[in-house]
Amino acid sequence: MNLTLKVWRQAGPSDRGRLVTYEAKHVSPDMSFLEMLDVVNEDLIARGEDPIAFDSDCREGICGACSCMIDGVPHGPDRGTTTCQLHMRHFKDGDTITIEPWRARAFPVLKDLVVDRSAFDRIIQAGGFISVNTGGAPDANLIPVPKPDADKAFDAAACIGCGACVAACKNASAMLFVSAKVAHLGYLPQGQSERDARVRNLVMAMDAQGFGACTNTYDCEAACPKEIPADFISRMNRDYRSALLKGDA
Amino acid sequence: MKLDSAVPSGPIETKWDRHRSEMKLVNPANKRKFRVIVVGSGLAGASAAASLAELGYSVHCLCFQDSPRRAHSIAAQGGINAAKNYSNDGDSVWRLFYDTVKGGDYRAREANVYRLAQVSVNIIDQCVAQGVPFAREYGGLLENRSFGGAQVSRTFYARGQTGQQLLLGAYQALERQIGLGAVKMSARTEMLDVVVRGGRAVGIVARDLVTGVISTHSADAVVLATGGYGNAFFLSTNAKGCNVTAAWRAHKRGAGFANPCFTQIHPTCIPVSGDHQSKLTLMSESLRNDGRVWVPKTAQDRRPPSEIPESDRDYYLERRYPSFGNLVPRDVASRAAKAACDSGLGVGPGGLGVYLDFGDSIRRLGKSTIEARYGNLFDMYKKITAENPYEAPMRIYPAVHYTMGGLWVDYHLMSTIPGMFVIGEANFSDHGANRLGASALMQGLADGYFILPYTLGNYLAQAGNSQAKEDQPEFVAAASDVKARQDRLLGIRGKRSPDSFHRELGKLLWDKCGMARNAAGLKEALAKIPAIRAEFWQNLAVPGTGEELNISLEKAGRVADFLEFGELMCRDALVREESCGGHFREEHQMADGEAKRNDADFSHAAVWEYTGEGKEPNLHKESLTFEHVKPSTRSYK
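Protein sequence lines, in the order shown, are assigned to chains E and W.
Residue 127 in our numbering sits at position 127 of the first sequence, and the numbers go up by one each step.
One rule links them: number in our numbering = place in the second sequence (from 1) + 1000.
Treat each hint with caution, since some may be false.
[As the list claims (entries may be wrong)] Simulated restraints, written as ranges between beta carbons of each label pair:
| # | chain 1 | residue 1 | chain 2 | residue 2 | range |
| --- | --- | --- | --- | --- | --- |
| 1 | W | V1476 | E | S234 | 51 to 59 Å |
| 2 | W | G1181 | E | S234 | 32 to 40 Å |
| 3 | W | A1006 | E | P144 | 38 to 46 Å |
| 4 | E | D93 | W | D1301 | 29 to 37 Å |
| 5 | W | R1302 | E | D93 | 21 to 29 Å |
| 6 | E | G210 | W | G1614 | 47 to 55 Å |
| 7 | E | S234 | W | A1006 | 52 to 60 Å |
| 8 | E | D116 | W | G1614 | 35 to 43 Å |
| 9 | W | T1545 | E | G210 | 24 to 32 Å |
These aren't lab readings, by the way, just hints derived from the structure by calculation.
Where a beta carbon is used, it is the ideal one built from N, C-alpha and C, also for glycine.
Next up, chain E with everything else stripped away, as it sits in the complex (with noise of 0.2 Å):
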């Protein structure tokens, strides 16, 4: 099939960008979307022009890095579905695409689709793990864990960091890759102990990054790969309010 991309270029982080429009031919519906668009790089390289820069690493819809607003939607139109999984069998021959990159304050643009996601590496860095160091830990077994409890860790723990909650939400709130976090380590005993004081640190660091508030609009859920539920919102609100109240520990 023939398709028409009308893809976001920006030269630099000062760039002002725009969109430019080239012509995808002789494309199979076998290809992933980020095959796609290594034929249309091909091209441009072969005529002597800057490829489309884009993130790109494991393409098996694991390691996050690929990302991609596909006319509007993060990863396009597949649902729970990163854009290097997302196969051209779904769209049809003489189609428009748009392609832009994420948009939020917090994830500012490096070239063309590249954004600068490391604002959720700081997040972590405030809270978002157990403080224990290596060697000492008691046998494994030592700590029983609620298979239920296990699972919903691992439910919130399959996030990949990708950052198309916060390209989807009308106010680039991080909510949904936060609450994540604090539901994984907080579903299990081992994450008991600094329960208040993660949630808070995770809580402070988000404000601090520029991402936006939460206005309940699911959005996140939608767009969410791993399709991780927007009910760890809520468990993360209930965490956040008891932890206040406990106050300062």
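Based on these hints, arrange chain W on the given structure of chain E.
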């Protein structure tokens, strides 16, 4: 080049414990004065950087990805082995050691493997304390499964995303140290050279991938945790960014490269669908627990699988290996699939595929049981191929997955350049010629959490501060080498993209140095690679400049290194006149087509020394002796 494995004396069971108490210590007050650079942030790199910072060293960690959390360890699916014997089925440190040495086809160093099996139990404790959500039984204790043909259940897992969860544990430990100011993290930064001064590794040259700024960094020790070289083949299950550059540049500065021909081809991957293919996707080998592998009995049978009756199907693994059946180790399963396709029995586009059929299991156990076990894998298969594996069998084909070869290291994980340590997949030490399932995660974390923190301290306590500074001539010269090479790549302004050269090299390596190799093919590859390299340096197209985010330039530098490395891989495969593990030489096989090892002549690690541009490398050998696991023919019949 002198190869001293530095294995401590004494009985194998007590070597590590005794050595740990004899190694030199760095005074706690002095640790912060030692600067350690860790390159890479996967399981090995992140766990090492975090653990070293916890001890008090000044750590600088770099990764080329935009966040340390994205390193390719994250994609590991199956699990991590540990000799906990929680299943009460007779597992022990000894048994895990034995299985690993045997599985590696007797080409690993016994003392290292024993230590790996020993510390495996500590890894699980550490990860659980960090909050890694392993699978659990209803009683709340950890669940284990049998994996990769092991006779005991020693594999811990977190659904099909074990690597992700272990990496997030290490990543969070690393971020904690970054937040405390104990680790300086440079993401989107690629190491392009190692700086050697007075015979000691004292720093690196790196490029900021966003601004293009080339910088030098001095240190007292350098740790490479830069992963494997599977992307030499272009198509592999590795991430797009995985590369050999850091290891190769270190090799050119004096680090011996061991067993580069030992590559693992994983039997259960989704077949290539067309020329656009950018990578291959692994389907966890746990699928072979319930799937049956078959091909039609007659070549060119174009009927859909549902119309091929039982009598016309060849379940070749069950036929050839009645006792292990579909669960034979990876190298055996891969070669059998290749043999079936080579004789024209392959299925799907191009005849490069075999069926992995769940029909019998679904009839026996019900669809819901199969869905509970493999639901996410079935969904992934359907997403990629648009075929429903609940109704029709999957099509699978082997793909490059892991590299057992790597930079040579001694018992302390130090390379032949003093002060440069190599951990995880980047080193060569523990898996011999074939890695068993669920052992890569174990080795990465063993090296980073529980071995390097001791052995690095032992080195620093004796070697002292390096007194290295960025204004010393060795740093200036290394940075100018890197800049000159980059200018050369940018200055060619030819017609072909880096990817086009990479694909050409990859196809050649896959054809001549892939699942089966022979002398004629390897010689042909050795003649062709220099020609591809020559064209690369005359006809490469890299648009843009070096002072910006330039993905073509990044790729070009990596492809240039693969074009040199690929030659070494073929050379190593040519001189290893035997078949062992992942290395199958067609000239060396039994009458029934099984691999024929040659212990009399090849019970060694082949370690290559770089001797200069265009010169033949020197081959050194580390002899391997097996005092505890006596070499025998691996038979899975």
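Hint by hint, here is what the structure shows:
1. The supplied range of 51 to 59 Å is met by V1476 of chain W and S234 of chain E, whose beta-carbon atoms lie about 58 Å from each other.
2. Taken as a hint, the range 32 to 40 Å holds for the pair G1181 of chain W and S234 of chain E, whose Cβ atoms sit roughly 34 Å apart.
3. Checking the proposed 38 to 46 Å range against A1006 of chain W and P144 of chain E shows it holds: the Cβ atoms sit about 42 Å from each other.
4. Checked against the hint of 29 to 37 Å, the C-beta distance between D93 of chain E and D1301 of chain W comes to roughly 33 Å, which is consistent with it.
5. A beta carbon spacing of about 28 Å between R1302 of chain W and D93 of chain E agrees with the range 21 to 29 Å that was offered as a hint.
6. For G210 of chain E and G1614 of chain W, the Cβ-Cβ distance of about 53 Å falls inside the hinted range of 47 to 55 Å, so the restraint holds.
7. Evaluation of the 52 to 60 Å hint for S234 of chain E and A1006 of chain W yields a pass: the beta carbon distance comes to about 57 Å.
8. Here the CB-CB span from D116 of chain E to G1614 of chain W is close to 42 Å, well matched to the stated 35 to 43 Å.
9. Between T1545 of chain W and G210 of chain E the C-beta distance comes to about 31 Å, which sits within the given range of 24 to 32 Å.
In terms of the numbered hints stated before, the structure departs from none.
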